[in-house]
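Since the structure of chain A is already known, use the hints to place chain B on it.
There are 2 protein chains.
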Amino acid sequence: MKIGIIGLGLIGGSIAKECKEYGYEVLGCDLNTVHAEQALALNLVDKMVALDQLIAEVEIIGVCIPVDLIANIIPKILDKINPNQTVFDVGSTKKEICDAVRNHENRNRFVAAHPLAGTEFSGPSAAILNLFRNKKNLICEEELADKDAVQNILQVFEVLGMQSSFLNPNDHDKHMAYVSHLSHVSAFTLALTVLDIEKDEKLIFNLASTGFESTVRLAKSNPTTWSSIFDKNRHHLSDALENYIQHLTAFKKVIDEENTTKSIEMMDRANDIKRVLKGIVVNS
Amino acid sequence: MKIGIIGLGLIGGSIAKECKEYGYEVLGCDLNTVHAEQALALNLVDKMVALDQLIAEVEIIGVCIPVDLIANIIPKILDKINPNQTVFDVGSTKKEICDAVRNHENRNRFVAAHPLAGTEFSGPSAAILNLFRNKKNLICEEELADKDAVQNILQVFEVLGMQSSFLNPNDHDKHMAYVSHLSHVSAFTLALTVLDIEKDEKLIFNLASTGFESTVRLAKSNPTTWSSIFDKNRHHLSDALENYIQHLTAFKKVIDEENTTKSIEMMDRANDIKRVLKGIVVNS
Chain A
1 MKIGIIGLGL IGGSIAKECK EYGYEVLGCD LNTVHAEQAL ALNLVDKMVA LDQLIAEVEI
61 IGVCIPVDLI ANIIPKILDK INPNQTVFDV GSTKKEICDA VRNHENRNRF VAAHPLAGTE
121 FSGPSAAILN LFRNKKNLIC EEELADKDAV QNILQVFEVL GMQSSFLNPN DHDKHMAYVS
181 HLSHVSAFTL ALTVLDIEKD EKLIFNLAST GFESTVRLAK SNPTTWSSIF DKNRHHLSDA
241 LENYIQHLTA FKKVIDEENT TKSIEMMDRA NDIKRVLKGI VVNS
Chain B
1 MKIGIIGLGL IGGSIAKECK EYGYEVLGCD LNTVHAEQAL ALNLVDKMVA LDQLIAEVEI
61 IGVCIPVDLI ANIIPKILDK INPNQTVFDV GSTKKEICDA VRNHENRNRF VAAHPLAGTE
121 FSGPSAAILN LFRNKKNLIC EEELADKDAV QNILQVFEVL GMQSSFLNPN DHDKHMAYVS
181 HLSHVSAFTL ALTVLDIEKD EKLIFNLAST GFESTVRLAK SNPTTWSSIF DKNRHHLSDA
241 LENYIQHLTA FKKVIDEENT TKSIEMMDRA NDIKRVLKGI VVNS
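From first to last, the protein sequence lines are chains A and B. Note that the working numbering gives residue 142 to position 142 of the first sequence, counting from 1, and the numbers run on in steps of one. Note that the working numbering gives residue 78 to position 78 of the second sequence, counting from 1, and the numbers run on in steps of one.
Chain A extracted, bound-state conformation (with noise of 0.2 Å):
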């Protein structure tokens, strides 16, 4: 199997080097010279060419650049290829990508794909193998991709350790902003109250402990990726927002009035969250 990844970085890095360990011949592209140099040396992929070059070579081509480039590269790429090539993506919203190629004659041979993994790290250099084992990757209209298509995607993510589920592209988008973008703003903006009100840093660092470190984790992510995702998924997001600001503004009244009761109560369904992480999934 020949694999070609445009975009090299925390994302398609991992997925090139898990190909290639995998036994799959690997081309690379990246318009980021640093990182087509970092990505050769870190032997991620056999080698790096030129868009056009990858594109005539491979059979299956991964687009992993940021997500407000995708849906313009997309339509390109499918211009380009044969009727045996597939191509997928990777971008972490999936409506506009999903408009953006709805009516390319070629549309049958993309399937859009969300693999939920990451880290706060990025570049090629935060490649890693074993990111995506045991993971949930999630497809968006694969009844418009021919059933190869979707079969030779379904077997790129099961060389990644992922099992694949279907989900339309705008509930995928709703989900993801309550269960990975609010997590993310959650995070920027505690590290941001903190650093804006402990001027003192040391002070900080005496008395932040593994708590807070855990809460505030996402905070060291990309942030021009992460600026991205948030204005493709701006409406949802800010659906999230305003819920997760009225979840605080009332959580703040049951302190300022000293209802305990009250704080215990909503602390109780808190703990709820406990179940479904775990995935002892009860149907009331």
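Be careful, since some hints might not be right.
What the hints assert, rightly or not - Here are the simulated DMTMM-like cross-link-like pairs (lysine to aspartate or glutamate), alpha carbons at most 25 Å apart as the crow flies:
id, chain 1, residue 1, chain 2, residue 2
1, A, Lys253, B, Glu242
2, B, Lys199, A, Asp272
3, B, Lys199, B, Glu242
By construction, these hints were calculated from the structure, which means they are not laboratory data.
Chain B in isolation, oriented as in the chain A frame:
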């Protein structure tokens, strides 16, 4: 050395276990009979005794009960000790406790401490070795305690593997509001927001990745414990929440206005938390 631990939950149990491992004789006392039996069965203590017997027998008394009960019990314990005994507490807020003992005739035998460690679990079964290893301990109003009393307690925390610093109770409570209590409210309300919107729990589990799990981890914490802490630190926490809500509202506005330049600028500032958490302190 003979040490007595009152309250064998996560913190008290872990202190007892570590002291016993080190070779101290450890007596325990817990009004919760289930916890008392568990502590003995788990070998956290050498024996469980009544409060008065504990006070009569040990050299060092550690008060590890919920923070809303500490200010009430410490004066009663100080009433009964002799000048060679030392009492410490581990409460997560310090001002009320310090205020409650300030004029006690045996104030000089009390050391107000706060070991910055914990997990989201609770009770004797949550007690573990190395919970405190390489973490920070804070001590308030050490100038009101005898030098040998402070030395005795510093030695206990050294056994736990902790380095101690000194801070006044009001500063302690204010800083904790930001670097600990706010993180907990942030996580509890994030869990509530997501649980409320995502009625289909299976979907949350399918979509939630490690980023969400890390940010929401503290929402698994014990509601009764945290309700007491929030209540005891109501004013500082309310200010911190106000600041956090303002930052979130500002961030939402930036998203709504599609101002990616500003959102990148805000996240760049938030990224600075990396440097702080690493302890690479640059005073500007």
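Hint check:
A distance of roughly 11 Å separates the Cα atoms of Lys253 (chain A) and Glu242 (chain B); the hinted pair therefore holds under the 25 Å criterion. Simply put, Lys199 (chain B) and Asp272 (chain A) have alpha-carbon atoms about 12 Å apart, close enough for the 25 Å limit, and the pair holds. Taken as a hint, the Lys199 (chain B) and Glu242 (chain B) pair is broken in the structure, with Cα atoms around 29 Å apart against an allowance of 25 Å.
Hint compliance for this structure: hint 3 is the single one not met.
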